[in-house]
Amino acid sequence: MTYDPTQTTTAPKSDGPAASVAAEALAATATSRGQAIRQRLQQLLAFGGLAILFIVFAIASPQIFPSYSNVTNILFSAVVVGILALGATLVIITGGIDLSVGTGMIFCGVMSATFITNWHIPIALGVPMAILFGGLLGAVNGFNVAVNKLPPFIATLAMMLIAGGLALVVSKEAPIYFPTGYQQISTGTLIGDNLLPGVPLPRNFPNAVIVFAVAAIIATVLLNRTLLGRYDLAIGSNEEATALSGVNVKKWLIVIYAVAGLFTGLAGVMISARLGDAQPTGGQGYELQAIAAVVIGGTSLSGGKGSIVGTLIGALIIAVLNNGLQIISVPQEWRDVILGIVILLAVYADQLRARRGSAT
Amino acid sequence: MPVPANDSLTGPYDADLLLQAEGVTKSFPGVKALSGMRLDLRKGEVLALVGENGAGKSTLMKLLTGIYQMEEGQFWLEGQPLSVKNPKEAQERGLAIIHQEFNLMPDLTVAQNIFIGREPLTGGFFTKPKELEAQARELIDRLGLPLDPSAKVHSLTVAKQQMVEIAKALSYNARVLIMDEPTAALNDAEVDTLHDLIRRFITPQTGVVYISHRMPELKRIADRVTVIRDGEYIDTLNMAEATLDQVISRMVGRAIDTSARPENVRTDRPVLLTVENLSTKELLQDVSFDLYEGEILGFAGLMGAGRTEVARAIVGADPRTSGTIRLRGKIVNPHNAAEAAKQGIGYLSEDRKKYGLMLGQAVASNIAISSLADQFSRFGFVNDRAIAKVAGEQRVALRIKTPSVAQLAKNLSGGNQQKVVIARWLVKNSDVLIFDEPTRGIDIGAKDEIYHLLNRLASEGKSIIMISSELPEVLRLSHRIVVMAEGRITAVLAAADASQESIIALATHPDGGPLAAAGADHHEEDAR
Numbered sequence: 001m002t003y004d005p006t007q008t009t010t011a012p013k014s015d016g017p018a019a020s021v022a023a024e025a026l027a028a029t030a031t032s033r034g035q036a037i038r039q040r041l042q043q044l045l046a047f048g049g050l051a052i053l054f055i056v057f058a059i060a061s062p063q064i065f066p067s068y069s070n071v072t073n074i075l076f077s078a079v080v081v082g083i084l085a086l087g088a089t090l091v092i093i094t095g096g097i098d099l100s101v102g103t104g105m106i107f108c109g110v111m112s113a114t115f116i117t118n119w120h121i122p123i124a125l126g127v128p129m130a131i132l133f134g135g136l137l138g139a140v141n142g143f144n145v146a147v148n149k150l151p152p153f154i155a156t157l158a159m160m161l162i163a164g165g166l167a168l169v170v171s172k173e174a175p176i177y178f179p180t181g182y183q184q185i186s187t188g189t190l191i192g193d194n195l196l197p198g199v200p201l202p203r204n205f206p207n208a209v210i211v212f213a214v215a216a217i218i219a220t221v222l223l224n225r226t227l228l229g230r231y232d233l234a235i236g237s238n239e240e241a242t243a244l245s246g247v248n249v250k251k252w253l254i255v256i257y258a259v260a261g262l263f264t265g266l267a268g269v270m271i272s273a274r275l276g277d278a279q280p281t282g283g284q285g286y287e288l289q290a291i292a293a294v295v296i297g298g299t300s301l302s303g304g305k306g307s308i309v310g311t312l313i314g315a316l317i318i319a320v321l322n323n324g325l326q327i328i329s330v331p332q333e334w335r336d337v338i339l340g341i342v343i344l345l346a347v348y349a350d351q352l353r354a355r356r357g358s359a360t
Numbered sequence: 001m002p003v004p005a006n007d008s009l010t011g012p013y014d015a016d017l018l019l020q021a022e023g024v025t026k027s028f029p030g031v032k033a034l035s036g037m038r039l040d041l042r043k044g045e046v047l048a049l050v051g052e053n054g055a056g057k058s059t060l061m062k063l064l065t066g067i068y069q070m071e072e073g074q075f076w077l078e079g080q081p082l083s084v085k086n087p088k089e090a091q092e093r094g095l096a097i098i099h100q101e102f103n104l105m106p107d108l109t110v111a112q113n114i115f116i117g118r119e120p121l122t123g124g125f126f127t128k129p130k131e132l133e134a135q136a137r138e139l140i141d142r143l144g145l146p147l148d149p150s151a152k153v154h155s156l157t158v159a160k161q162q163m164v165e166i167a168k169a170l171s172y173n174a175r176v177l178i179m180d181e182p183t184a185a186l187n188d189a190e191v192d193t194l195h196d197l198i199r200r201f202i203t204p205q206t207g208v209v210y211i212s213h214r215m216p217e218l219k220r221i222a223d224r225v226t227v228i229r230d231g232e233y234i235d236t237l238n239m240a241e242a243t244l245d246q247v248i249s250r251m252v253g254r255a256i257d258t259s260a261r262p263e264n265v266r267t268d269r270p271v272l273l274t275v276e277n278l279s280t281k282e283l284l285q286d287v288s289f290d291l292y293e294g295e296i297l298g299f300a301g302l303m304g305a306g307r308t309e310v311a312r313a314i315v316g317a318d319p320r321t322s323g324t325i326r327l328r329g330k331i332v333n334p335h336n337a338a339e340a341a342k343q344g345i346g347y348l349s350e351d352r353k354k355y356g357l358m359l360g361q362a363v364a365s366n367i368a369i370s371s372l373a374d375q376f377s378r379f380g381f382v383n384d385r386a387i388a389k390v391a392g393e394q395r396v397a398l399r400i401k402t403p404s405v406a407q408l409a410k411n412l413s414g415g416n417q418q419k420v421v422i423a424r425w426l427v428k429n430s431d432v433l434i435f436d437e438p439t440r441g442i443d444i445g446a447k448d449e450i451y452h453l454l455n456r457l458a459s460e461g462k463s464i465i466m467i468s469s470e471l472p473e474v475l476r477l478s479h480r481i482v483v484m485a486e487g488r489i490t491a492v493l494a495a496a497d498a499s500q501e502s503i504i505a506l507a508t509h510p511d512g513g514p515l516a517a518a519g520a521d522h523h524e525e526d527a528r
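Listed in order, the protein sequences are those of chains L and Z. In terms of this note's numbering, the first sequence has 165 at position 165, counting the first letter as 1, and numbering is strictly consecutive. In terms of this note's numbering, the second sequence has 210 at position 210, counting the first letter as 1, and numbering is strictly consecutive.
Every clue listed holds true.
Non-contacting residues of chain L with respect to chain Z, defined by C-beta distances greater than 10 Å in every case (computed): (1) Pro62; (2) Thr117; (3) Ile123; (4) Phe143; (5) Lys149; (6) Phe153; (7) Gly164; (8) Val169; (9) Leu325.
Cross-link-like lysine-lysine pairs, in silico, DSBU-like; alpha carbons within 30 Å at most: (10) Z:Lys410 / L:Lys251; (11) L:Lys250 / Z:Lys354; (12) Z:Lys410 / Z:Lys62; (13) Z:Lys354 / L:Lys149; (14) Z:Lys281 / L:Lys251; (15) Z:Lys389 / L:Lys251; (16) L:Lys251 / Z:Lys354.
Selected chain L positions facing chain Z (in silico; Cβ < 10 Å): (17) Leu227; (18) Leu228; (19) Arg230; (20) Ala234; (21) Gly236; (22) Asn238; (23) Glu240; (24) Lys250.
These are computed hints drawn from the structure, not numbers from a lab. Backbone N, C-alpha and C fix where the C-beta goes; we use that ideal spot for every residue, glycine too.
Between the sequences and the hints, there should be enough to build the whole structure, so can you do that?
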């Protein structure tokens, strides 16, 4: 069975908005103790925004918007930007930025197709290879930032161009089609197909969302529970002090950019699986959407502060906006205007709160 | 008994008074920063304003310059009510403030910095560089400052940058000059230059409010001293009659021993760290010394003598062009601070906020950062419970004042922040601790605690290198004293042989000549 985003079967369980269920599950994994209160507040703010948006659209379009299939649609549409934003969160917490994730993702999709379609490598091996390829691109970014001391903006701007160009070169400027089965990674419905007999699982629930959720859990654990997360926050707070504390900052910066690259690779697999072919173009703009999701989620561009839950909420806000505005027939150009305003409001609210917090 | 200089503050129309504050009250959410504060600055005087960190000095200054607005109370300037809404207005009323951190644009010249916002212009848009420089030259000459108006500010020493700030402030024809910790980053010779400048500024129509932590300076520069504590006015003393101990006891509300000497000085210990022929590209030349187990080795010298550079080169934070670092006889030569930390050498920077702390992170994270990989994680997963436990133990042991180790480091006072950094290296179990200006910006009560802590660490067998620009501090703690000048070691003195005079002589005359003079000083010292 395949998930079809256009399909409008109404599932038996159409009550709770799946968005909030997902967010709740993820909130439970966020157990960072230190700056807990502040971050909680920001998340509350962002989550409140998401809830309000949801309610507004539900009132505007009570038939279509809050339906099970549409909520699934929203989650499905958040997958690619969301996965990119997970990696971007880790990089932005260091005080850096990664502009290469959009074209990098496309390049990874092309590489995935090269491995699987052109070189006939089995999907089960080709997909991890494509993800690792993303990690390699990230490691190059990290090397340029940490060792060659290039500003992250420049290092990843260059990588954005290089990855975008190489994607065209490798694909010979034409889409590469995947063998059947590859698309299942995104549009298959693993849990809908009687995964656990007897347990009423949601039907027609796309694998892409499950992959996204697993990726989000991994990112949360990485940030909150591991050395990588601690050093990430420490470097973003004060890189010099972290180095003088005896942390090998160069090594960890490369690791962090590489891990972000793995998420880029995964996003490349997900976007190519959704389409069923690897498009050599169309990646540009995704990096900015990912950054927007991170920023709306309250991660500070100056580094040292951020959360994966916030980023998830940010990605969902963007997805809900796009979907809801489309349903109430707002044209694309106006959707961009509104998204821009939402970014301004989100960051302004965050700064207001921070200013009030530090006024003592 | 000290004589209160001005027991009943006269009303606002006393002709001798330049600046007055009465009943000034200001609170922030949860804190009363100032309560009924008073201050009176007479014409032609230097009034020292002292108080521990958090006593309310900065708040008072910010009220004066209109950065904050007071809730109750009144300022008077020459009997006229004074209420300013912003720093620009304060400037126009003749109040000039030199903040601890300078507001200079490093890539602009001295002249451009002084006249920023008031450049001589043609047609309201095009600058006139020659005229600008001439104006700056005229001002600099009038003030007698050794500054080149066309020099870029970033090429100047800290002391000269401060002169630029002062020139800028005085170019507005200021009558009240307020200086916040003006000597925190100056060496003794530079402090003297600054004091000369202040004395020249003083006329029968001007006055200076001089905020400082450095007690001995006040004797030299101030006419009177106002002590504040916990946001309240305590007392004002005539400097000539007051003793430093009296001032200090009013500041802290308890007596403090300022005549302590090094503890546990012994000469029979094994060598722990050996530094041989250490050189760097810019500054250091053949620096060699030994550090014994359980020793506090003081490093004295002027700003720019290379003391911090020695520390950074030892831990590999800056590249060495030559030199061997041995730990217990074994060559370690760390390439970066991570390697040094692994070998047990910890460097605690002079600039805690820039190079020491992750201000936005919890106290516990700051304590654990150096030991995360080897003590607080398994397979890359961090054990928060262990961190909280160990951080809590350090909090008790070092008496770090914080409601909890989850508190962000930026919310702690300077002294407690320093303790957090110390705790970090104790948890790492480092044998060699290099303290660079361990008490900079720390109030005097907390300083004493840091001194006790250093003595305790040494008695427990830690080897300590202590770089300090405060000679009383060096003399009080160091078992031996290394004096540096211009990138070289000029002498290593035993504690008993060192005096402020001998150290200053060795630090200012690096060519060997003053060794004899230092010896003479030393005899003088003995004779006293």
